[in-house]
Amino acid sequence: MPLVDLRNVFRSFRRPDGSSVWAVNDVSLTVEQGQTTALIGESGSGKSTLGRLVLGLLPPDSGTVSFEGVNIAGLPRPEMRRLRARLGVVFQEPYESLNPRLTVGAIVEEPLIIHRPALTRAERRARVDQALREVDLDPQVADRYPQAMSGGQQQRVGIARALILEPSLVVLDEPTSSLDLSVRAQILELFGRLRAKHGLTYLFISHDITTVEYFSDQVIVLYLGRVVERGPTPEVLARPRHPYTQALLSARLSVDPTVSPPHFPMTGDPPSPTAFIPGCPLVGRCPLEVSECSKAPVPLHAVGVGHEVACIRA
Amino acid sequence: MLSVRDLETRFVTRRGVVYAANGVSFDVGDGEIVGIVGESGSGKSVTISSVLGLIRPPGAVVGGSAMFDGTDLLKLPGRALRHIRGARIGFIAQNPFGALNPILNIEAQFANVTRAHGRADRATIRQNALEMLKRVGIAGPERVLDGYAHELSGGMAQRVVIALALLLNPSLVVADEPTTALDVTVQRQILDLIAGLIREGRRSMLIVTHDLGVVAQYCDRVVVMYSGRVVEEGPVATVFTRPLHPYTLALLRAVPRRGEPIQALGGRVPDLLSKPVGCAFRHRCAFAKPRCESETPEIRPVASTNPLGRTVACHLDVEREVPALAAG
Amino acid sequence: MANVVQANSDAQSSPAPVAAQQRVAKPSRSGGFLRLVARRLLLIPISMFFVITFSYFLVEMMPGDPALAIAGTTASEREVTIIRQQLGLDRPFDERYASFIAGVVQGDFGISFFDGQSVRESIFRFLPASLELMVLSLSLAALIGISIGAMAGYFRRRAPDSIARIGITALQAVPEFLIGLLLIFTVFYLWRLAPPPVGRLGLSDSYPDPVTRFLFIDLIIAGDWDGLVSALHRALLPVLTLAIGTAAYFAKVSRTTIGAAMESRQVQFARACGLSEFMVLRYALLQARTPILTYAAILIGTLVGGASIIETMFAWQGLGQWGLASIIALDVPAIQGFIIATGLFSMLVYLALDLLVAALDPRVTHE
Amino acid sequence: MSSLALSRPGIVRRNLGLWLGLAIVFGLLLAGFFLPLPYDPIKPDANAVLEPPSAAHWFGTDNLGFDVFSRVIAAAQRDLPLALGGALVAALIGVPLGLATTLKNRASNLIMRGLDAFQAFPLLVLAIALVTLTGNRLEMVVLAIIVIQTPRFVRLIRAEGLAIRESRFIEAAEAMGASPARILFVHLLPNVSGVVMVQLSIAAANALTVVAALSFLGIGVSPPTPSWGVMIQGGARLMTSGEWWVSLFPGLAVFLAVMSLNLIADELDIIFERSSR
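Taken in sequence, the protein lines are chains A, B, C and D.
The first sequence begins at 2 in the working numbering and counts up by one.
The second sequence begins at 6 in the working numbering and counts up by one.
The third sequence begins at 63 in the working numbering and counts up by one.
The fourth sequence begins at 22 in the working numbering and counts up by one.
These are calculated hints, taken from the structure and not from any lab test.
A quick note: this is a predicted structure, and the numbers were derived from the prediction, not measured.
Backbone N, C-alpha and C fix where the C-beta goes; we use that ideal spot for every residue, glycine too.
Heads up, a few of these hints could be off.
Pairwise CB distance ranges (calculated) [claimed, not checked]:
#1 D/Leu124 / C/Ala414: 31 to 39 Å
#2 C/Ala414 / A/Arg122: 54 to 62 Å
#3 B/Arg263 / A/Thr268: 41 to 49 Å
#4 C/Arg219 / D/Trp40: 21 to 29 Å
#5 B/Gly145 / C/Ala414: 35 to 43 Å
#6 D/Arg203 / B/Ala329: 32 to 40 Å
#7 B/Gly21 / C/Leu422: 49 to 57 Å
#8 B/Val22 / D/Val110: 41 to 49 Å
#9 B/Gly21 / A/Arg122: 36 to 44 Å
#10 A/Thr268 / B/Gly34: 41 to 49 Å
#11 A/Arg122 / D/Leu131: 37 to 45 Å
#12 B/Gly271 / C/Glu325: 28 to 36 Å
#13 C/Glu325 / B/Gly145: 31 to 39 Å
Partial chain B-side listing against chain A, Cβ under 10 Å, derived [as the list claims (entries may be wrong)]:
#14 Val219
#15 Pro261
#16 Arg263
#17 Gly283
#18 Cys290
Residues of chain A placed beyond 12 Å of chain B at every Cβ, according to the derived structure [said to hold, decoys possible]:
#19 Leu182
#20 Ser217
#21 Ser261
Using the sequences plus the hints, can you model the full thing?
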């Protein structure tokens, strides 16, 4: 049984002017225990919305969101709150995700107060110290406030908080994209180490294909709220079949000046998310476009072992 | 074209004096694209703001020179500098929606820039604007000109900013993280566009970025900054294949590569609240010596690469003591 | 007002959400604008219902027997009975409330206990004077305040800014009536530059025919230039009093907003394009326009009726003076009429502001 | 930095304005209650009428022979507690109400609509009407201040609260399963405490001018109780004949107190801004 199982999930948002944005449009996906699954896409692709759906922070309009076999979409609030002990999350903006009026110690301790009421104060304190050490922070920082720390340290605090209850799933919502390159590497290295040590399952949300390539086992490529391609990361990135995945790959610029930049196949900007798109969402930007593309949505079909793509030319 | 020497910029804040740029020197040659690369707090944006005279109180440029076509931009009175900005030096901003005026229509913004540098009648302004918009790849320039910034997509808005920067045919273009605010698939298009326009007009460009890939693929020379100083400078082709400063090396090694363990650089960027003594990178440097504590390394040419014009600010005998990029 | 404040905080929010909005195709401009007008117009009856109900309950709150309190200790039994009848205290509550609302909706505010005049008539009689005072003092205040604020904002964190900041804070700490008294002492008593603070015209001047009921306009229509000069001279102190107090608020809001605008990326880009400092300041003013307008609307809303102390001090004969006199005389129908009139007036001002902001800002076509 | 970090060395020097403002407000308050006065503030001296300031009468005497200095000091006893108390009660009502309106439901919409209508009045006039109609009593002055100030707290806290509710750390708290009460008291309330304190001093400053204005109109005070507004009114007509001191000194007292409260607000604003960045 997969740890997370989304079936035909739709989620739209109503804009103040009355129009609707289809953030997630008929998405089905699974996250397997012990694997790192990456959701990759540009802004407006629905990847963060998917993260919130998985965390039960947003209800879907339709479809089922199962976590450990339980559909969390219709779960009563108290039960959902109890379930949250097994879900961890690390957000993009380390500083904004930490309450500036709480000390680092209080921030990391909070999940214990909520979900482990039997623990004594001293026991909690010991667990907090241990969690801080795990993320390479000196336990003495427990008395400091997050605003007195650097971005990298703040993100470590966020990680310590997400992991202190040893959750079965950790959602990483662009955890490194607001960090500097040198710090980003430190944090990625830390995620890798913690995964190896605790056998963690990550849902890794990112727009950076380099990080995704380095870090994930499975990759799901999203465009305008739809899955356009998915499969094992090495396979998908070595043999991308969807033009959008190919564009994402050729948008990546090598740091080696002797490697010349690949041909970039796409034109234009992503269209407005409020527009109704009857066919393939890439219509208008795609170099391989044929007239059938704009008629009906293209279903995902297998092109390799576990490798699926939603393109009629693939 | 542009020659910056010993630039020093400081900010007075409530927490103390921030030493943002401490003796920054570099050159931009004719027809050259130079990238300034560094992490946040390295002083890269402050450097270009200083050169363009955009530092406002509580910040101030306290020393150095920036020679552009024989005049020192830092000593120029406001009016004279203003006539260079926008006309002979174009500026591409980071976030087009922050840069474009949301209340004026696009045509008015073209008109204001044109009129800031000379007289022109409406028809000419419109004609020039239309032509420029076509050159930056905007398909319906009339509609864009009559509309407002918020009606544009990110990529389109950035094209408008580029058109404004190139409107008066500047010989130097300064770009501050020109694609950071854009979507990944749009970034490539905009970078290709900018580089094409620069090359084809035989212009020079100074581009500030934190993205090593942008430097590797689009720049001729690179200036690596750390803690308000230049630590290494030289042609991209050699600097990125054989970095000589330990910081440049560590940055390049921090790029994740599948199948290889990540080589993270420990520690963090020092704050700039005290004037740095010694090498600012020494706390994070694997090769630091006692000398690095007390003596600030001057930027110096590297002997054997001298014909290539490589310089580095490090006390080490860099060619022998700093390992190659590929070796662990 | 919530709409206004909301709209303006949206406009100032960080670039990221704005950028997200940009990608969305824009609905037709006029359509959005008309929708906004319709929605705001619909809100007025609802808000007015609150105002009317409130004005009713304010009087209902009077302790003891209101009729006795209003009539005073010297009143005869018959007078008290008449007042009681007029207030409808002899009828059940719901009937009273319903007939009050019905009257107000038809524009009938009743008859003043005090002078026996129709309250509606009195409102129309006294409103023009208040409007004249407001327009003059607010224009002057805006001119002074925005100039000071723009200067301070432009020289942010430098000497002119610090001086302006201290000056604004100090000025805001002086109650308006004290400003009036100090002006009377200096300008009238010490320097003899202004006539005594009694009324809008001197004893030797004659009032013109009330064509528009706006004194200045009527004087012009009548061609009474001496009278106009005299009236303007007498307007000097009250206008100056209100203008000085109000200018501090204008200065404060423009200092903050223009100061922030001067540090925006937009201004940085304008400078990088070589625009003149004058043009740069214009860009900053465009950005700061909405908050300043919002403030102006709030001040207009409070000044009509809210200038009652100053009107009384200078015997200006405006709505505020009349309202204040009515309150102190416990003239119930007049108080209710006054509250409803000022409430309606402010609402119309806020409506005008919302529409003006929407019309001026290409982004506020929809919420 | 914790909420205020008041115990740190150098805090006085760094926040000079704050301490100066507090010193003046509390100095006036203490003087009002404890300072031995040279003359009885409620007993006029018929032999010393309208005397200009002198060594005997520092601030002069008024047209009834009251010593202006004694009355200016004594008035602090009444005016300052009224203003501070009114502002405090308004905060106690307004803050919970404001937090309640950050929940997006029908009731909060209704509260906001009501406040919108409220905003349409000239509030000072409303306060005058309230006090006058309810029999001109002192308690009603406090009520008037509450009526004026509470909506401002509600609006401010609502605006702040809505912004904070959108922030990532609230989402993080929800994601870890924090209860609504926990989110309210641990995450929301401490983060609005800064603006509450700033608004509290602004409200107190504002309330003081309202108290002065009311008593200037003779509302809510019974003579000969000293009050700054009454004293300014007493000297108002004398301004046209040159006896400036009767109004000026109580006016200066109002100015000093309001200015100090504004100064406190400004400094607190800077401190909280800094401590949360």
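Verification of the hints:
Taking 31 to 39 Å as the suggested C-beta distance range, the pair D/Leu124 and C/Ala414 conforms, at roughly 32 Å. The hinted window of 54 to 62 Å between C/Ala414 and A/Arg122 holds, with their beta carbons roughly 60 Å apart. For the pair B/Arg263 and A/Thr268, the beta carbons lie near 29 Å from each other, so the given range of 41 to 49 Å is not met. A hinted range of 21 to 29 Å holds for the C-beta pair C/Arg219 and D/Trp40, which are about 23 Å apart.
Between B/Gly145 and C/Ala414 the beta carbon distance is about 36 Å. The supplied range of 35 to 43 Å therefore holds. With their beta carbons about 54 Å apart, D/Arg203 and B/Ala329 fall outside the hinted range of 32 to 40 Å. As the Cβ distance of B/Gly21 to C/Leu422 is approximately 42 Å, the hint placing it in 49 to 57 Å is violated. Separated by about 45 Å at the C-beta atoms, B/Val22 and D/Val110 satisfy the suggested range of 41 to 49 Å.
Between B/Gly21 and A/Arg122 the Cβ separation comes to about 38 Å, which falls inside the hinted range of 36 to 44 Å. Restraint check, A/Thr268 to B/Gly34: a C-beta distance of roughly 33 Å breaks the suggested window 41 to 49 Å. Between A/Arg122 and D/Leu131 the C-beta distance comes to about 43 Å, which sits within the given range of 37 to 45 Å. At about 35 Å, the CB distance of B/Gly271 to C/Glu325 agrees with the hint of 28 to 36 Å.
Our hint of 31 to 39 Å for C/Glu325 and B/Gly145 holds, since their Cβ atoms are close to 34 Å apart. The closest approach between the C-beta of B/Val219 and any C-beta of chain A is roughly 6 Å, which is under the 10 Å cut-off, so the hint is satisfied. A hinted interface residue such as B/Pro261 counts as satisfied when its beta carbon comes closer than 10 Å to some beta carbon of chain A; here the least separation is about 4 Å, so the hint holds. With a cut of 10 Å, the hint placing B/Arg263 at the interface with chain A holds, because the nearest CB-to-CB distance is about 5 Å.
Because the beta carbon of B/Gly283 sits about 20 Å from the nearest beta carbon in chain A, more than 10 Å, this interface hint is broken. At about 12 Å, the closest approach between the beta carbon of B/Cys290 and any beta carbon in chain A exceeds 10 Å, and the interface hint on this residue is violated. With 12 Å as the threshold on Cβ separation, the claim that A/Leu182 sits away from chain B is violated: the shortest Cβ distance comes to roughly 5 Å. Annotated as non-interface, A/Ser217 brings its C-beta within 12 Å of a C-beta of chain B; the closest such distance is 10 Å.
A beta-carbon of chain B comes within 12 Å of the beta-carbon of A/Ser261; the shortest separation is about 8 Å.
Going down the numbered hints, you'll see the structure goes against 3, 6, 7, 10, 17, 18, 19, 20, 21, while the others check out.
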